[in-house]
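2 protein chains.
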Amino acid sequence: METKTHINTILGSKDYLEFLRGKSATFLLSLSTTKTLEIPGITQAGIPGLIHLTPTLDSEFLCSGEVRCLENLAETPKGVPTPALITRAVHLLKPFRNLEIMDLGMSQKPNLEYFKVHDFQINPSQAINRGAGIDAMKIFQQGVEFGKSYECDSDYIILAESVPAGTTTAYATALALGYDCAGKFSSSFKNSPDDVKEQTVKDALNNIKTKDDLFERIGEVSDNMLIFNAGFVLGNSSTSKKLILAGGTQMAAVLLLANSIVNYMGGKLDSSNIALCTTKWVHEDTDSDIKSLLEMLDFSINAYSANFDFTKSNHPALKLYDEGEAKEGVGAGGALCYGLINGLNEEDIIKQVEAFLG
Amino acid sequence: METKTHINTILGSKDYLEFLRGKSATFLLSLSTTKTLEIPGITQAGIPGLIHLTPTLDSEFLCSGEVRCLENLAETPKGVPTPALITRAVHLLKPFRNLEIMDLGMSQKPNLEYFKVHDFQINPSQAINRGAGIDAMKIFQQGVEFGKSYECDSDYIILAESVPAGTTTAYATALALGYDCAGKFSSSFKNSPDDVKEQTVKDALNNIKTKDDLFERIGEVSDNMLIFNAGFVLGNSSTSKKLILAGGTQMAAVLLLANSIVNYMGGKLDSSNIALCTTKWVHEDTDSDIKSLLEMLDFSINAYSANFDFTKSNHPALKLYDEGEAKEGVGAGGALCYGLINGLNEEDIIKQVEAFLG
Numbered sequence: 001m002e003t004k005t006h007i008n009t010i011l012g013s014k015d016y017l018e019f020l021r022g023k024s025a026t027f028l029l030s031l032s033t034t035k036t037l038e039i040p041g042i043t044q045a046g047i048p049g050l051i052h053l054t055p056t057l058d059s060e061f062l063c064s065g066e067v068r069c070l071e072n073l074a075e076t077p078k079g080v081p082t083p084a085l086i087t088r089a090v091h092l093l094k095p096f097r098n099l100e101i102m103d104l105g106m107s108q109k110p111n112l113e114y115f116k117v118h119d120f121q122i123n124p125s126q127a128i129n130r131g132a133g134i135d136a137m138k139i140f141q142q143g144v145e146f147g148k149s150y151e152c153d154s155d156y157i158i159l160a161e162s163v164p165a166g167t168t169t170a171y172a173t174a175l176a177l178g179y180d181c182a183g184k185f186s187s188s189f190k191n192s193p194d195d196v197k198e199q200t201v202k203d204a205l206n207n208i209k210t211k212d213d214l215f216e217r218i219g220e221v222s223d224n225m226l227i228f229n230a231g232f233v234l235g236n237s238s239t240s241k242k243l244i245l246a247g248g249t250q251m252a253a254v255l256l257l258a259n260s261i262v263n264y265m266g267g268k269l270d271s272s273n274i275a276l277c278t279t280k281w282v283h284e285d286t287d288s289d290i291k292s293l294l295e296m297l298d299f300s301i302n303a304y305s306a307n308f309d310f311t312k313s314n315h316p317a318l319k320l321y322d323e324g325e326a327k328e329g330v331g332a333g334g335a336l337c338y339g340l341i342n343g344l345n346e347e348d349i350i351k352q353v354e355a356f357l358g
Numbered sequence: 001m002e003t004k005t006h007i008n009t010i011l012g013s014k015d016y017l018e019f020l021r022g023k024s025a026t027f028l029l030s031l032s033t034t035k036t037l038e039i040p041g042i043t044q045a046g047i048p049g050l051i052h053l054t055p056t057l058d059s060e061f062l063c064s065g066e067v068r069c070l071e072n073l074a075e076t077p078k079g080v081p082t083p084a085l086i087t088r089a090v091h092l093l094k095p096f097r098n099l100e101i102m103d104l105g106m107s108q109k110p111n112l113e114y115f116k117v118h119d120f121q122i123n124p125s126q127a128i129n130r131g132a133g134i135d136a137m138k139i140f141q142q143g144v145e146f147g148k149s150y151e152c153d154s155d156y157i158i159l160a161e162s163v164p165a166g167t168t169t170a171y172a173t174a175l176a177l178g179y180d181c182a183g184k185f186s187s188s189f190k191n192s193p194d195d196v197k198e199q200t201v202k203d204a205l206n207n208i209k210t211k212d213d214l215f216e217r218i219g220e221v222s223d224n225m226l227i228f229n230a231g232f233v234l235g236n237s238s239t240s241k242k243l244i245l246a247g248g249t250q251m252a253a254v255l256l257l258a259n260s261i262v263n264y265m266g267g268k269l270d271s272s273n274i275a276l277c278t279t280k281w282v283h284e285d286t287d288s289d290i291k292s293l294l295e296m297l298d299f300s301i302n303a304y305s306a307n308f309d310f311t312k313s314n315h316p317a318l319k320l321y322d323e324g325e326a327k328e329g330v331g332a333g334g335a336l337c338y339g340l341i342n343g344l345n346e347e348d349i350i351k352q353v354e355a356f357l358g
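Quick mapping for you: the protein sequence lines, in order, are chains A and B.
Heads up: the first sequence runs through residues 1 to 358, numbered per the working numbering.
Heads up: the second sequence runs through residues 1 to 358, numbered per the working numbering.
Be aware that one or more of the hints could be misleading.
Since copy identity is lost for identical chains, a pair holds within one copy or between any two.
[What the hints assert, rightly or not] Below, simulated BS3-like cross-link-like pairs (lysine-lysine); rule was C-alpha separation at most 25 Å, straight line: (1) Lys78 / Lys14; (2) Lys242 / Lys116; (3) Lys14 / Lys109; (4) Lys23 / Lys94; (5) Lys242 / Lys94; (6) Lys14 / Lys94; (7) Lys109 / Lys184; (8) Lys78 / Lys23; (9) Lys202 / Lys268; (10) Lys116 / Lys23; (11) Lys14 / Lys351; (12) Lys241 / Lys94; (13) Lys116 / Lys241; (14) Lys14 / Lys116.
Hints in this document: simulated from the structure, not taken from any laboratory.
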């Protein structure tokens with residue numbers, strides 16, 4: 001009798017999310033800087049010249065409603081406001097039980113009191129066209145340990161990210177792992193800067209030496225968020241805690257990396273407690289293909305998109321989302337799914353997002 | 001970037017309340033009678049001749065939605081309904097996880113089943129103009145013990161009060177402790193009955209003997225709620241449980257008393273887990289100054305007021321709040337802050353309060 005489907009199932013069983021209706025969630029925001037973002041034209045996820053601060057500003061705004069390390073909220077040169085607005089709107093209307101920050105190599109720590117900021121003593125990674133220089137085995141193991149030992153007093157975890165230029169490192173990672181994924185990765189641009197992106201990824205892959213093992217390869221072309229969270233997924237799978245990866249093709253790359261590592265180690269992943277939740281803008285993006293990326297996994301996965309857009313809004317900055325200028329980030333898709341399975345409706349969320357913009 | 005701020009920060013960090021978004025709360029209502037209320041013209045917090053029943057009626061209404069020891073809800077002679085309506089409205093729309101009662105010397109027990117009523121075997125205190133006659137050391141120690149050992153299955157505690165004539169005893173207490181606080185204490189009246197109040201406080205202070213120690217002085221001029229809760233604050237600070245003092249200048253007096261006792265004992269209070277939440281009517285009251293009272297503390301404190309009033313209501317009885325005829329009580333300010341950080345909006349709360357009045 002539901003007239004509108006709030007959630008679209010991309011893959012797997014509808015029941016995973018149905019089971020989570022009414023349950024409490026901890027929202028874990030993982031933040032990392034890759035100097036890949038400094039390559040001209042590679043990303044529009046933030047304020048030109050200050051894009052390295054986007055993870056810091058996103059986490060401040062999500063937790064406190066304020067940006068503290070700068071005067072204004074991160075927005076793209078075209079005026080697209082950060083998807084953190086969507087996640088914050090959901091949190092105001094139907095709060096997560098906990099909000100916690102994971103510092104996986106930020107260029108600047110967020111200015112927050114009381115909120116838990118997990119510090120893993122990880123530095124920002126280098127630009128992948130010159131070699132990311134990540135100790136991938138170490139960071140992966142940190143992720144596994146954290147995923148195994150992490151305790152929260154909520155029913156499930158929503159794991160999100162903010163990593164500018166992260167779709168480029170995600171694409172390079174998947175290619176380095178041997179997945180046939182050309183044209184399947186998303187971008188924060190409407191018209192993806194294919195030349196810059198493809199050239200950067202090509203340069204990155206050229207840094208890989210034939211004798212490199214899986215972790216050495218990844219350490220050259222990936223970013224801290226992807227590697228740590230692949231470990232987190234594996235560590236968490238040994239617990240009974242349900243985990244939602246809140247993101248688009250970057251979170252798909254986390255799963256592809258986890259998949260490759262499991263195969264490399266000759267293990268097997270019980271994926272029954274894992275799902276991926278993203279936005280409609282990613283799900284319906286014709287320039288990328290998240291479903292196809294997820295179908296490359298050797299395990300089955302539940303994946304959903306929130307049936308939410310700004311059709312009913314009149315705000316020009318928000319309309320840019322519907323036009324494809326921004327699609328996902330700061331767990332917007334996962335937050336929307338969480339809100340929609342807990343009684344919020346599209347209109348309320350739109351109104352709250354509009355209120356931020358004045 | 002939020003167009004309307006739901007919460008105003010009086011002092012300290014915005015992040016304390018932001019951190020509590022989505023977390024569960026136990027609402028502890030501490031109730032006490034001081035015979036000070038029998039002094040003609042001292043208070044309008046209730047029905048003339050039956051004001052000693054106000055704590056009983058407030059607790060019955062808050063827990064059950066009914067007044068049982070009387071036919072009608074407590075209202076002032078001018079028809080201002082008790083702030084218990086506001087707290088009850090929030091509890092209906094976004095229930096506290098627990099509601100519990102602390103009997104700190106009520107003249108009559110509330111007629112309630114199932115609800116936990118903590119009984120400390122404390123009698124109502126005497127009128128302060130003739131000496132309150134409180135064993136302050138004993139009651140303080142009971143508060144410390146209870147604060148240390150109290151366990152609840154929620155994330156934080158909201159501690160509220162209903163004590164008619166309580167601003168007078170709070171004022172006398174702060175003066176007896178040596179705080180320069182003339183003109184800084186609130187009243188349930190719009191035009192505070194300064195003569196009666198000042199004379200009562202003067203008489204009270206005259207009962208103090210030079211040789212009296214801190215506890216003996218307080219025992220003459222204070223009330224059970226202030227003394228017990230000063231102990232509760234100190235006892236609770238040895239746990240990691242966050243505590244919101246829900247009230248105006250009376251709760252400020254609880255903190256001033258805790259501050260004096262800590263100094264008297266040569267200790268130090270970790271106040272990082274404590275906040276005070278009150279109403280806009282107290283925060284913006286020109287006849288009192290809660291901010292200045294809190295600034296007299298030797299420790300830092302987070303303090304907030306709920307950005308809520310009855311401007312959008314057409315009910316004449318509620319308009320009296322906006323005119324200053326009632327300002328706080330039964331944890332109204334703390335309840336409003338709790339509701340507003342958990343997705344309620346002003347309109348919903350107003351509609352619910354209006355529904356009680358018919």
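Hints versus structure:
| no. | hint | in the structure |
| --- | --- | --- |
| 1 | Lys78 / Lys14 | neither (36 Å within a copy, 31 Å between copies) |
| 2 | Lys242 / Lys116 | both (21 Å within a copy, 15 Å between copies) |
| 3 | Lys14 / Lys109 | between (38 Å within a copy, 18 Å between copies) |
| 4 | Lys23 / Lys94 | both (12 Å within a copy, 11 Å between copies) |
| 5 | Lys242 / Lys94 | both (19 Å within a copy, 21 Å between copies) |
| 6 | Lys14 / Lys94 | both (22 Å within a copy, 19 Å between copies) |
| 7 | Lys109 / Lys184 | neither (32 Å within a copy, 40 Å between copies) |
| 8 | Lys78 / Lys23 | neither (38 Å within a copy, 37 Å between copies) |
| 9 | Lys202 / Lys268 | neither (31 Å within a copy, 61 Å between copies) |
| 10 | Lys116 / Lys23 | both (21 Å within a copy, 14 Å between copies) |
| 11 | Lys14 / Lys351 | between (28 Å within a copy, 23 Å between copies) |
| 12 | Lys241 / Lys94 | both (21 Å within a copy, 23 Å between copies) |
| 13 | Lys116 / Lys241 | both (20 Å within a copy, 16 Å between copies) |
| 14 | Lys14 / Lys116 | between (32 Å within a copy, 15 Å between copies) |
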